[in-house]
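S.K.: Respectively, the protein sequence lines represent chains A and B.
So the first sequence is numbered by the numbering used here: it starts at 61 and just counts up by one.
So the second sequence is numbered by the numbering used here: it starts at 49 and just counts up by one.
Note that these hints are calculated values from the structure, not bench results.
It is possible that part of the hints are untrue.
Claimed, not checked - Away from chain A, derived, C-beta distances all over 12 angstroms, residues of chain B: (1) Ala217; (2) Pro301; (3) Thr304; (4) Leu364; (5) Ala537; (6) Leu887.
As the list claims (entries may be wrong) - Derived coverage of chain A by chain B (criterion: at least 3 residues anywhere in the stretch with Cβ under 8 angstroms from a Cβ of chain B; other residues may be distant): (7) 163 to 170; (8) 192 to 203; (9) 260 to 269; (10) 334 to 348.
Stated by the list, open to error - With the C-beta cut set under 10 angstroms, the calculated list includes, among others, these residues of chain B facing chain A: (11) Val300; (12) Lys370; (13) His639.
All residues carry an ideal CB built from backbone N, CA and C; glycine is no exception.
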Amino acid sequence: MRRIVELTALVLLAVQASVVAQDYAVSGMVLSVDRARNTFTASIQAIPGFMSAMAMPFEVRQRKELDGLVPGTAVTFKLVVERNSSHAELIRIVKYQSVEQDPLAASRLKLLTRIAGAPPPQALAIGETVPDFRLIDQKRQAIALSDFRGKVVAVNFVYTSCPLPNFCLRIANNFSVLQRRFKAQLGRDLVLLTVTFDPSHDTPEVLAEYGRRWNADVASWHFLTGPVPDIQHVCHLFGVDAFADEGVMNHSLHTALIDRQGRLVANIEGNQFTADQLGDLTQAVLNPTTRRR
Amino acid sequence: MNVRTTTAIVLVALGTLAVSAIGPRTPPLAASAQATASSDEVSLRVIVVDSAEKAQRIVARLNAGEDFVALAHAESIDPTADAGGLLGKVTRSTLPAVLKDALVALGPGQLSAVVQIPTGFAILKVVDASDPSNINMNADTPTLATEASVRYVIDVSGLVEAEALLQAAPKAADWSQDLRGICQVRRQSLDASRRSLEAFLSPDQQNLRASRSPFDVMQAQFALAQLHAYDGRMDRALEHYRQAYETARAGVPAATLRMEEALGVAYLHKSGMENGVDRAPGELFLFRPPFDDRSGRPRQSFAKRGDSEKAMAHFLSFLKQKPDDLEVRWLLNLAYMSIGAYPDKVPAAHLIPPSAFASKEDIGRFRDVAPQAGVNVVATAGGVIVDDFTGNGRFDLVTSNFDSCGPMHYFRNNGDGTFIERTSAAGLDGQLGGLNMLQTDYNNDGCRDILVLRGGWEVPQRNSLLRNNCDGIFTDVTAASGLAKPATATQTAAWADVNNDGLLDLFVGNEDRAAQLFLNRGGSTFEEIAHAAGVDRVAFSKGVSAADYDNDGFVDFYVSNFKGTNFLYRNNHDNTFTERAREAGVPGPGHGFATWFFDYDNDSWPDLFATSYFTSVDESVRTYLGLAHNAATLKLYKNLGNGTFRDVTRDVGLDKVFMPMGANFGDVDNDGFLDIYLGTGNPSYGSLLPNVLLHNKQGTTFVDITASSGTGELHKGHGVAFADLDGDGDEDIVAETGGATPGDSHPLRLFENPGHGNDWINLRLVGVRTNRAAIGARVTLTVENEGRGRRSIHRTVGSGGSFGASPLEQHVGLGPAARIVTLEIWWPGSNTRQRITGLGTNQSVEITELMRSYTSIERHPVRLGGTRQTP
């Protein structure tokens, strides 16, 4: 189990030997932002020769460096490590702009249909309460989001006949990793919802079969389908676009986290994060650190 | 710029292009050969982690003696982690190429190099096959998902854009019943969005655009390029593909390579149009590697070379950065071919040698005589029917048009080797759209009717049942017959008499919707009984075929599905069916498209052929180069005569990937064994692969004779029919050749069979208690060939495969110096057997159910198109 490591001990340990300040290029996923204390927590990729991948807080010198950061944001920044302190600067938000065929086509079709006059469906903003929705899971039981009030809910979107690497396969695998990492909390504190955006094909039976491929625990990892308009509604809430193309779908990728109060905490577009980072984010939502001013 | 992030993005960006092995590379050809040589089964454990660095650390720990099972438990992100990474026993040939290569020469206890797979970085361990924990896996674990490594063809065509716009367009209620209305909605949605994009990209909108990211501007430019390409305005399209490319270079570097390839594809497409391959291709763009040109004439090549050369420049630039990309390498070779510079001028590093395409057999060169014969229709994708629609004993020819605004074409046979278009006179003007067609005689009046299937790959649209009034004029009776509603998206159906009442019923396979089974209620109306019949499974069905596979006297159905497993519906003799594809061993390859029953080995049991439609040039090039596949291959299932089938795909050499769409079978050399012709491609203008002719050698193997036969049309292969159009005793091949967009329209090909001297007979069967078209009647010819013993040849009356319709009249090849000992016909409507002896060869006869005698059909050989060119 990964833990959020306190900054000072570890970083300072690492720079004991060095006398002058050192810069490191870091990339990671924002887990939480504490503007009052000028810090953010991130699950960062390994810094070769310095530290391995981990979740930890970073201080900034200027509060405005935190502008635009929300949980789930992919960032790069410079970590400046001095003898007695360290801080992050030059924080850049990495927008998800995949140039792979599938998401590229999905974002192009989204742009095209918007320019051609289709009304843009409004996706929920971070912090908004997710309106209740009802779908059917792989056991054909009705599932409402409100059933899970008081628990953290992770939501992602796939279609089972997705043929491309890096997409649905990777997105589903992320939840299979969450399932193992949070075995103890699953069902009690954490629920996984995987929604299909190809409901005509992905019947509960097809989803059950798909779930078995991932060793999904049917009690806590629900694969959801339903009538096309209901699915479209849920997709729009999370900004998921899916366009049929000769039997397959051009689609965007979204992974969202909803907190115990039913608010949208994070909505990550794309696939450029690791399962461990998603796990760290889930951990942060499960156990938000309450800090006193 | 953070180096790590850049690397990560590039890795992800290239993920679809190639899943690469990390570590020393074995040359792919050698790897493939070794993999084939070693044992096919292997027991594996796997650890998957999310970075290459982590994977290297795991390797180090394993090498230091740590336990694989414990490490898998602790570190693996694969679903097998809890099982200590156990994948179980797998068949090497079902693994993705990258895993196959990684396992080459590994023995029990050995570790593979680190392999990148879609979910991360994998280390495989070969475990002792006798491990008690060993279980047989069905290769369905996500780690082993072979198709996850397929490199899909680049999308340059505009179809995806057009379909998204059609789906988003406002539509009137019941619009799907109005064929002209569908055309209007299509055109309006395209025109309006093109204008919107032009406004968005116009110079006076600079401010609006400035607020957009380079990514969005690139996407808008690309979208506008696609809309122009859709209609074939390649100059305008190229202007915008180029701007998309420039925008990428300036602001979206990761997309530059993709834009570079798109530019190359667009130039190659333009080059074809500039050189007339979309109107009068002649032998241009027939796949004819030069090794095979025995004529001594200079090979035809494009007269205007500029655009091909520009395409080459872009492909070369692409290959400089990514030399291993098979798709672009293939396209580069094609571009060289187009200007007559293949293979000499192709840089050695990128050359796909002519030997990769050499036919191992030669039954003679076919010649395209469509223009001379007067069937030079230029159209988008569509179906084709060859049959006698006028009852005069001559085969007419009908095509349909995928384009919502594209008409059908009806050509009447003049009897002198030429055809005349009679679409308007036949009352078929308003029959727009339709990807496939079938003939039938649903009302048993002896005149062939037409069913047009619409909505396939797109949105639900009504089909058309066109009644032949027996005077060469058709009446649309769809609504009156009960077939119009509900409209579905379909391109496949089969006519068959499910209850042997002498009336043809109709099974319609739909896309993402339950199939329909229309029971014929007396020749003018139908009743839909799919639910009661137990055939209403929801699937994305692309092919339906009918045959009595268990020889119990009742017709069964096979349904080929693009998603999920196929269905085999066994007839319970009471208008209900039982699905038993898995029990019978015919689940299909996945991504199913065209399919059919045929008795490929003449053992009297209908076998099953099922295609798999992976839209990957890369995978097809792998077939030509003999490399391992990530996509599923074609499937041939041999009927064992006990209700089950055996997968004989590899035994007969059909373990190949060709991107087949239209497909059918016939006997091109009259040896009595049925051969296969596959139309290949997908909507992308980059999907330029030769159609494929596979010669069935005595029911043992299928040999690719594409190059030697000259039938390798490179454009998109849709409906295919085999028919002896010139009455000279051998089957010619009709290949509908248009692509999915108006900008990819191409002329039909009519490949004239060069002849081969074997004997034949044509059988026109007329049902009395059986449906009059005799669909489902079984024919057994026992013949003696000079110097050999007796053998039997088996046929079932039908139009052949599921995408393209050959005449219902059965042309049967008999082999050399043949004598027909007996002809036996089993008639399903009367359950009677008719035996005819003393039948002479090389003639056409009409045989009526329950009658003792038969009549000859007067038919004289003609020259298609009149004067034949001297070869």
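S.K.: Now tell me, hint by hint, if it's right for this structure.
M.R.: Against the structure, the hints come out as follows:
With a closest Cβ-Cβ approach of about 9 angstroms to chain A, B/Ala217 is found to fall inside the 12 angstroms limit, against its non-interface label. Separation of B/Pro301 from chain A is inadequate, the least Cβ-Cβ distance of about 9 angstroms not exceeding the 12 angstroms criterion. Distance check on B/Thr304: its Cβ comes as close as 9 angstroms (rounded) to a Cβ of chain A, failing to clear the 12 angstroms threshold; non-interface status is violated. Distance check on B/Leu364: its Cβ is at least 21 angstroms (rounded) from any Cβ of chain A, clearing the 12 angstroms threshold; non-interface status holds.
Non-interface status of B/Ala537 relative to chain A is broken: a Cβ of that chain comes within 12 angstroms, the nearest being about 10 angstroms off. The beta carbon of B/Leu887 is kept farther than 12 angstroms from every beta carbon of chain A, the shortest such distance being approximately 46 angstroms. With a threshold of 8 angstroms between beta carbons, the proposed coverage of the segment 163 to 170 of chain A by chain B holds, since 5 of its residues qualify and at least three are required. Chain B is given as covering the segment 192 to 203 of chain A, and this is violated because 0 residues of the stretch bring a CB closer than 8 angstroms to a CB of that chain, at least three being needed.
Beta-carbon proximity to chain B at under 8 angstroms applies to 4 residues in the segment 260 to 269 of chain A; the threshold of 3 is reached and the given coverage holds. Figure legend: the segment 334 to 348 of chain A, annotated as covered by chain B; annotation consistent (3 residues with Cβ-Cβ distances under 8 angstroms, at least 3 required). Contact between B/Val300 and chain A, as hinted, is supported at the beta carbon level, the nearest pair being about 7 angstroms apart and thus within 10 angstroms. Hint on B/Lys370 is violated. Least Cβ distance to chain A is approximately 13 angstroms, over the 10 angstroms limit.
Hint status for B/His639: holds, given a least beta-carbon distance of 8 angstroms to chain A, under 10 angstroms.
In this structure, the hints that do not hold are numbers 1, 2, 3, 5, 8 and 12, in rising order.
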